[in-house]
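Let the sequences and hints guide you as you build the complete structure.
From first to last, the protein sequence lines stand for chains Y and D. Using my numbering, read the first sequence as starting at 1 and increasing by one per residue. Using my numbering, read the second sequence as starting at 1 and increasing by one per residue.
Treat the hints loosely; a few may be bogus.
As the list claims (entries may be wrong) - In silico DMTMM-like cross-links for lysine to aspartate or glutamate, where the CA-CA straight-line distance does not exceed 25 Å:
id	chain 1	residue 1	chain 2	residue 2
1	D	Lys90	Y	Glu196
2	D	Lys166	D	Asp236
3	D	Lys90	D	Glu132
4	Y	Lys113	D	Glu53
5	D	Lys166	D	Glu122
6	D	Lys166	D	Asp202
7	D	Lys90	D	Glu66
8	D	Lys90	Y	Asp193
9	D	Lys90	D	Glu122
10	Y	Lys113	Y	Glu33
11	Y	Lys113	D	Asp15
12	D	Lys90	D	Asp133
13	D	Lys90	Y	Glu216
14	D	Lys166	D	Glu232
15	D	Lys90	Y	Asp191
16	Y	Lys113	D	Asp258
17	D	Lys90	D	Asp119
18	D	Lys166	D	Glu132
19	Y	Lys113	Y	Asp191
20	Y	Lys113	Y	Glu13
21	D	Lys166	D	Asp133
Because the hints were derived from the structure by calculation, they are not lab data. These numbers were taken from a predicted model, which means no experiment stands behind them.
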Amino acid sequence: MSDENAALAWLGERIKARDSTSVFLLAPLAAFELAFFVVPFLILVRMSLNEGTSSGSYAPGWTLGAYGDVLGSDIYRQVVVFSFELGVVATVIAVLLALFYAYAAYRADGVRKSILLFSVILPLLTTLVVKTYAWLPLLAPNGVLNDVLLALGMGHRIQFAPGLVGTVVGQVYIVFPYAVLSIYSVLTTMDWDVVEAARDLGASRPRSFFEVVVPEALPGIAVATVVSFAWSVGAYAAPSQLGTGEQTTFAMEIGNLMLTQFDYPVGAAFSLLMLAAMLAVSLAVIRLLTGSIGGVESV
Amino acid sequence: MAEVTLSDLTKEYGDLTAVDALDLSVDDGELLCLLGPSGCGKSTTLRMLGGLETPTGGDVHIGGTEATDLPPYERETSMVFQSWALFPHKSVLENVAFGLKMDGVDGDERRERAREMLDVVEMGEFADHDPEDLSGGQKQRVALARSLAIEPDVLLLDEPLSNLDKRLREQMQLELRNIHDEVETTFVHVTHDQNEAFTLADSIAIMNDGEIEQVGEPREVYDDPTSLFVEEFLGDTNLVAAEAAATDGGVRASTEFDTEIALPVSEDAVSAGDALTVSFRPEDLDVERVDENAGAADDASALTGTVTDVLYRGSSVRFYVEIAGESVFFERSVGNADFDTDDRVRVSWNTDDLLVFAGGDRVGGGTP
Chain Y
1 MSDENAALAW LGERIKARDS TSVFLLAPLA AFELAFFVVP FLILVRMSLN EGTSSGSYAP
61 GWTLGAYGDV LGSDIYRQVV VFSFELGVVA TVIAVLLALF YAYAAYRADG VRKSILLFSV
121 ILPLLTTLVV KTYAWLPLLA PNGVLNDVLL ALGMGHRIQF APGLVGTVVG QVYIVFPYAV
181 LSIYSVLTTM DWDVVEAARD LGASRPRSFF EVVVPEALPG IAVATVVSFA WSVGAYAAPS
241 QLGTGEQTTF AMEIGNLMLT QFDYPVGAAF SLLMLAAMLA VSLAVIRLLT GSIGGVESV
Chain D
1 MAEVTLSDLT KEYGDLTAVD ALDLSVDDGE LLCLLGPSGC GKSTTLRMLG GLETPTGGDV
61 HIGGTEATDL PPYERETSMV FQSWALFPHK SVLENVAFGL KMDGVDGDER RERAREMLDV
121 VEMGEFADHD PEDLSGGQKQ RVALARSLAI EPDVLLLDEP LSNLDKRLRE QMQLELRNIH
181 DEVETTFVHV THDQNEAFTL ADSIAIMNDG EIEQVGEPRE VYDDPTSLFV EEFLGDTNLV
241 AAEAAATDGG VRASTEFDTE IALPVSEDAV SAGDALTVSF RPEDLDVERV DENAGAADDA
301 SALTGTVTDV LYRGSSVRFY VEIAGESVFF ERSVGNADFD TDDRVRVSWN TDDLLVFAGG
361 DRVGGGTP
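Below is the structure:
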């Protein structure tokens with residue numbers, strides 16, 4: 001035990017001292033990042049500067065032509081706009097639902113708490129493709145939801161999926177567990193006394209939720225928002241399985257460029273532009289959400 | 001300001017009865033301390049008063065109106081929590097103004113009133129601080145100001161001083177008293193600390209096992225405990241098991257001291273053979289050193305024994321005396337502590353000062 005503590009203390013000292021030992025400790029991580037992120041990223045950058053050819057693939061060269069093709073295309077612009085729309089809609093729905101769900105899980109105890117948390121983790125154990133496809137028989141024109149609505153007196157069948165509704169539902173379903181867990185982990189640090197104090201001072205239940213619980217959960221909400229948004233803008237599985245051609249996201253378009261049209265330079269340029277855009281938006285979201293914790297709200 | 005009446009108040013959690021058919025009334029403007037060991041149901045009682053727990057039986061009246069099922073935000077009570085429960089994402093001023101904001105008081109007025117209240121608790125200069133930057137004592141003051149700002153009819157305090165160190169706690173006890181005198185609000189203060197209850201209270205309600213054992217002014221409760229539990233809980237005392245003996249010409253009892261002692265009990269209160277507990281309060285014992293070789297000059301209100309242990313307890317010294325195998329203690333102030341281990345001493349008392357209990361209830365002794 002004391003040996004272990006001594007070893008840990010030594011390790012801490014080494015890392016603090018920033019000497020060669022700490023470099024040694026970081027080496028495996030650095031090697032991993034280098035091999036699986038930095039190198040492929042640089043290959044992508046290089047590829048985006050090559051010239052496209054009409055026969056597919058690319059001709060080696062140094063040109064910004066691929067970037068011009070991406071930025072000048074109306075179709076790509078529509079695809080990007082739809083990607084961001086899907087990102088915003090899916091994120092707002094998922095984070096709102098997750099906030100209430102996480103609060104319910106925080107408040108529940110015993111078996112009920114276990115059930116709520118387990119049912120959010122369980123879908124993570126299933127393959128994304130399978131569980132996304134499972135929505136199709138539910139939302140299709142001859143699916144379960146339509147049967148129920150017809151039985152309830154609705155006049156005609158609606159095609160929820162394939163289509164926009166199916167895409168949004170599928171995407172929300174994919175990111176929901178991550179949003180719940182992000183918010184729940186922050187809520188567990190909240191002292192229930194604080195909510196009781198708010199109620200005691202005259203705040204109704206909804207009011208105490210917005211005045212006290214939401215500010216406490218804000219760091220979790222920020223994480224949930226960024227995760228949901230980043231994932232939803234780059235959605236692939238939900239729109240390709242539950243959408244029609246109208247629900248094409250940039251991820252699907254890049255896949256198409258790379259794997260079907262073999263237009264590597266344009267695909268690479270498109271990827272890099274979207275990466276830059278996502279980075280900017282994510283940073284802005286984090287700044288927006290964490291900045292408001294500091295007390296801009298009125299007394 | 002309002003009087004509070006709890007009648008037949010009960011709270012059960014499954015098979016566990018936390019509060020058992022409790023009756024209690026608190027006068028308008030009174031500072032009542034609910035005193036009891038942990039787990040006795042005092043906090044649960046307070047939380048039912050504040051609406052944070054729903055009683056399973058009985059009712060709560062505040063200011064003459066029924067409040068049993070009112071949610072906390074609809075009753076004119078305010079709670080100071082043991083953890084203080086300050087809102088971490090609001091400034092000190094925002095914390096204090098919170099209740100007024102919920103009441104719909106407009107911005108300028110609530111800020112002004114919150115500042116005034118912060119001045120009352122001497123925290124005015126910390127208005128713009130984050131609660132997390134404050135010390136325990138400062139948080140406690142802010143929590144108090146936050147509760148007082150809404151001018152509640154009844155202020156509920158759930159052991160708010162128990163997380164403070166001793167010196168600060170004693171200082172805050174005096175300040176709480178002064179604030180109580182200033183605001184003239186009814187206070188119900190929960191504590192497990194007898195000294196705190198004696199310092200603060202207009203009246204003390206001693207709770208045990210979900211029930212009220214005794215209610216009264218501090219002096220009255222101390223001088224005239226009605227049960228063995230109260231006697232044990234209020235202070236350190238020597239409790240000695242005894243058995244009632246002859247009951248003609250005054251009750252006497254055989255004790256573990258070997259010698260029969262006289263008890264201040266009327267003859268019809270006990271019968272021979274009853275098991276009794278006798279409390280010898282240390283402050284009622286007279287002790288003098290006797291010659292080592294003197295024979296035991298014991299009688300019905302004096303015993304001889306040997307000092308076995310001397311414990312220094314800061315300003316006072318506690319002496320343990322062994323009398324016929326039983327240990328009895330008394331205390332002296334440090335300057336007056338002239339006994340040593342192995343001294344032979346004679347311990348005597350005034351029979352009327354003994355407190356006698358049978359089956360947990362008092363049957364005699366003390367002030368009549």
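Consistency of the hints with the structure:
1. Lys90(D) x Glu196(Y): holds (16 Å)
2. Lys166(D) x Asp236(D): Distance ~19 Å between Lys166(D) and Asp236(D) Cα, so the pair holds.
3. Lys90(D) x Glu132(D): Distance of about 10 Å is within 25 Å: holds.
4. Lys113(Y) x Glu53(D): Given pair Lys113(Y), Glu53(D) holds - Cα atoms ~21 Å apart, limit 25 Å.
5. Lys166(D) x Glu122(D): holds (20 Å)
6. Lys166(D) x Asp202(D): holds (22 Å)
7. Lys90(D) x Glu66(D): Violated - the C-alpha atoms of Glu66(D) and Lys90(D) are around 34 Å apart, more than 25 Å.
8. Lys90(D) x Asp193(Y): holds (15 Å)
9. Lys90(D) x Glu122(D): Since the Cα atoms of Lys90(D) and Glu122(D) sit roughly 19 Å apart, the hinted pair holds (cutoff 25 Å).
10. Lys113(Y) x Glu33(Y): violated (38 Å)
11. Lys113(Y) x Asp15(D): OK: Lys113(Y) and Asp15(D) at ~22 Å, within 25 Å.
12. Lys90(D) x Asp133(D): Given pair Lys90(D), Asp133(D) holds - Cα atoms ~12 Å apart, limit 25 Å.
13. Lys90(D) x Glu216(Y): Roughly 11 Å between the alpha carbons, so the hint for Lys90(D) and Glu216(Y) holds.
14. Lys166(D) x Glu232(D): holds (23 Å)
15. Lys90(D) x Asp191(Y): Since the Cα atoms of Lys90(D) and Asp191(Y) sit roughly 15 Å apart, the hinted pair holds (cutoff 25 Å).
16. Lys113(Y) x Asp258(D): violated (62 Å)
17. Lys90(D) x Asp119(D): holds (18 Å)
18. Lys166(D) x Glu132(D): Holds. Lys166(D) to Glu132(D) sits at ~22 Å (cutoff 25 Å).
19. Lys113(Y) x Asp191(Y): Between Lys113(Y) and Asp191(Y) the Cα gap is close to 17 Å, so the pair holds against 25 Å.
20. Lys113(Y) x Glu13(Y): violated (41 Å)
21. Lys166(D) x Asp133(D): Measuring from Cα to Cα gives roughly 21 Å; hence the hint holds.
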